[in-house]
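Engineer: Okay, here's what each chain looks like letter by letter:
Protein chains: 2
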Amino acid sequence: MLSKNILKYLTSLQQKKYRQEYGAFLVEGAKSVLELLASDFEVEMVVATDKFYKENTRSLEKQPFRVEIATPDELVRAGTLQSNDAALAVVKTKSNDFLYAEEGEYVLVLDDIRDPGNLGTMIRIADWYGIRKMVCSLTTTDWYNPKVVAASKGSFTRVQGFYTDLGAYFEGHLASEVSVYGTFLEGKNIHQITFAKTGYIVMGNESNGIGSEVEKFVTDKVTIPRFGEAESLNVGIATAIVLDNWRRK
Amino acid sequence: MLSKNILKYLTSLQQKKYRQEYGAFLVEGAKSVLELLASDFEVEMVVATDKFYKENTRSLEKQPFRVEIATPDELVRAGTLQSNDAALAVVKTKSNDFLYAEEGEYVLVLDDIRDPGNLGTMIRIADWYGIRKMVCSLTTTDWYNPKVVAASKGSFTRVQGFYTDLGAYFEGHLASEVSVYGTFLEGKNIHQITFAKTGYIVMGNESNGIGSEVEKFVTDKVTIPRFGEAESLNVGIATAIVLDNWRRK
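Residue numbers (this note's numbering), protein chains in the order written: chain A, 1 to 249; chain B, 1001 to 1249.
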């Protein structure tokens, strides 16, 4: 059984201010916890059901973190999932440096993404297409929100997120000639774009798209062509289509 | 104020068995209701806030359906949205015929899609890429589920859904030479596919993909290439990428 203090600590991590205060976040569910244990994140504690512990004793025993046994009910009470009969972990947050694109690399830039499900989905898509660095505006939803972590399906272990003022971020780049792609209604058809070797892909807010502060740094406005009548695409869907087009030879 | 009977009728439509019994479904929120009023669906009743009614009197008055005024609280109680300060509508379901692909057309086929959010997203994506017909396995989640309607963002008014046994559906096609594309792990790279003029695109279950009953009718197995390490893509995301590749010239 979990002590009151541990339960209180775990539930506090559902809130951003306590994640920041403790420098820790929650990872929930069998798959995410197993991906986590295989990553280089520093794990502070794993809370596991008896069953999960028995099935993964080797991964859990060899590591220098605390292990607590709990019932599925307790896991649900401590975390944010509607059901969890496996485990959750408390993990130390990482602080990332300025993540500029290196030669031959692409960085995904998020301008004011508000929905945790969207951010998690975008991390997963970035991981599928081999993007390792994401730079987020300060208004973008918190990377360590349990809903973001869950929606990323383990990809949070492989993609780094960095939060900064995007204006200042791009200002620091003005000397170099760099390609910054952003999706706009009036851009060039993405089916006809030849992407530069190195660059940035900017995705904008769910309702308002890319803000004017960031727009002025976009060198190439692109558009996903529409063949029917839907008014728009979800920003996660749009990210996937842009990255798929970028990766085409 | 809504009468008890109306409220009971509206909440009953959250359940598939009553939608089938009454041949009606719910459409919620300002945007969806306005798209509905511009469509050829037969509307039975609109429940609107005073504000929404005043802003849309012309659309609401000229039509031969019942209009009720309600508070936002009542709309939330009657429907499934967490907030709704505009309107909801009761609409007659449509029954569609066998939706085979006509010359030059593509049909999207869903084999056992279980999540209403995914189905709604797929309807929206189909609409974006100009697909008008979707054929769903009998195990696919109900097209008229309020979550499907909401996630489709109005696209349910433009895309037709037809439920049938997919084995029998494709059997009826065996005589004609037709291209059926389906996503599999071991398919041909979708970036290198030249799509036929007329055809079917099959998307499979969230966990298990396309079932063996349907697989045997697939003429072209395709794969979305992966450049990183994410284990999989969400089925809505995958649908968007396949349709974007199909639409490329």
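Check each hint, because a few of them may be wrong.
[To be verified] If we take Cβ atoms under 10 angstroms as the criterion, some of the chain B residues that face chain A in the derived model are:
id, residue
1, M1001
2, R1132
3, F1162
4, S1212
5, E1231
6, A1238
7, L1243
The set of hints was computed from the structure by calculation and includes no laboratory data. Just so you know, even glycine gets a beta-carbon here, dropped at the ideal spot from N, CA and C.
Engineer: If a hint holds in the structure, say so; if it does not, say that too.
Structural biologist: Hints, verified against the model:
1. At its closest, the beta carbon of M1001 (chain B) sits 33 angstroms from a beta carbon of chain A; the interface hint therefore is violated under the 10 angstroms criterion.
2. Against a cut-off of 10 angstroms between C-beta atoms, the interface hint on R1132 (chain B) holds, since the closest Cβ of chain A lies about 8 angstroms away.
3. Interface hint at F1162 (chain B): violated, since its Cβ lies 18 angstroms from the closest Cβ of chain A, which is beyond the 10 angstroms cut-off.
4. The criterion of a C-beta within 10 angstroms of any C-beta in chain A is not met by S1212 (chain B), whose closest approach is roughly 25 angstroms, and the hint is violated.
5. Checking E1231 (chain B) against chain A by beta carbon gives a least distance of about 7 angstroms; that is within 10 angstroms, so the hint holds.
6. The restraint placing A1238 (chain B) at the interface with chain A holds, with a minimum CB-CB distance near 8 angstroms, inside the 10 angstroms limit.
7. The closest approach between the C-beta of L1243 (chain B) and any C-beta of chain A is roughly 9 angstroms, which is under the 10 angstroms cut-off, so the hint is satisfied.
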